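Novice: Residues per chain, in single letters:
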Amino acid sequence: FLTELTKLFQKSKSSGTGTVRITMKQYDGQDRHRPRKNRQPRRRAGGSGSGDATSSGGGECGCLIRATLNSRKLSTVVHQKDVNRFQLAFSSLLKGNIDGLKKRDKKAAAAATAAASAAAKAKAKAS
Amino acid sequence: MTIAETWEQFAQVVDMMFAEDPKRCRVTVSYQPAQGVLVLKVTNDHVTVKYKTEHAQDVKKLEKLTSQLMRQLVSK
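Top to bottom, those sequences are chains B and D. My numbering numbers the first residue of the first sequence as 1 and each following residue consecutively. My numbering numbers the first residue of the second sequence as 1 and each following residue consecutively.
Next comes chain B alone, as it looks inside the complex:
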């Protein structure tokens, strides 16, 4: 998944159009809709036809992560065992690829000058 995600980011940069979207949510292993308990003759409504909300009994949930770019889609489920490893790799991936954003020039400069002046003052005091 991660290598494909890297490719996605690179593609979006080079093509210059479209956005990369990443979505996260809880996943409890339910792939299909749960059938209705009372079979009533209803017209088929498109989309979710799931019955009453049943709790999945807690614990052992995974995290579903989806990524999409224009028409290409990826997804993966992260379980508890893989969380640490995945997270490290995922965060470094995001950091490395989400560039091209503005940097806070004024604030950074102000912070830098403040730090420099504080250091200078400390030095003057010491000497």
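Hints listed in this document are in silico derivations from the structure and should not be mistaken for laboratory results. Owing to the predicted nature of the structure, the values given are computational and were not obtained by experimental measurement. Wrong hints could be hidden among the right ones.
As the list claims (entries may be wrong) - Taking beta-carbon pairs under 10 Å as the criterion, some of the chain D residues facing chain B (in silico): (1) 22; (2) 27; (3) 36; (4) 58; (5) 60; (6) 62; (7) 69.
We put the CB at the ideal spot given by N, CA and C, even for glycine.
Dock chain D against chain B, hints included.
Specialist: This is chain D only, laid out in the frame that chain B set:
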């Protein structure tokens, strides 16, 4: 759909929403390299909050937030 002004606001809302109903809550991150914009969206199918940014320092915060969320999602 509300738009959060600051990161702190957004983080607060995310925590609240997740605490209420972790099954329905989801987070979306979208990055538009063409405009250099990063958008975050959090929803629980009733309420949605968005946060838009162009600053590089927010990426770090985003990363922290997403890792925290991921842990919570998996542990519950």
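Novice: Does each hint hold? Answer for all of them.
Specialist: Results of checking the hints against the structure:
1. The interface hint given for residue 22/D is met, as the beta carbon of that residue sits about 6 Å from the closest beta carbon of chain B, less than 10 Å.
2. At a threshold of 10 Å, the smallest CB-CB gap from residue 27/D to chain B is about 5 Å, leaving the interface hint in force.
3. Interface restraint check: residue 36/D against chain B, minimum CB-CB distance 5 Å, threshold 10 Å, status holds.
4. With a least beta-carbon distance of about 7 Å to chain B, the hint placing residue 58/D at the interface is held under the 10 Å criterion.
5. Interface hint at residue 60/D: satisfied, since its Cβ lies 7 Å from the closest Cβ of chain B, which is below the 10 Å cut-off.
6. For residue 62/D, the interface hint holds, the least distance from its beta-carbon to any beta-carbon of chain B being 7 Å, beneath 10 Å.
7. Given hint, residue 69/D at the interface with chain B, holds; its Cβ is 7 Å from that chain's nearest Cβ, closer than 10 Å.
Violated hints: none; the structure is consistent with every hint.
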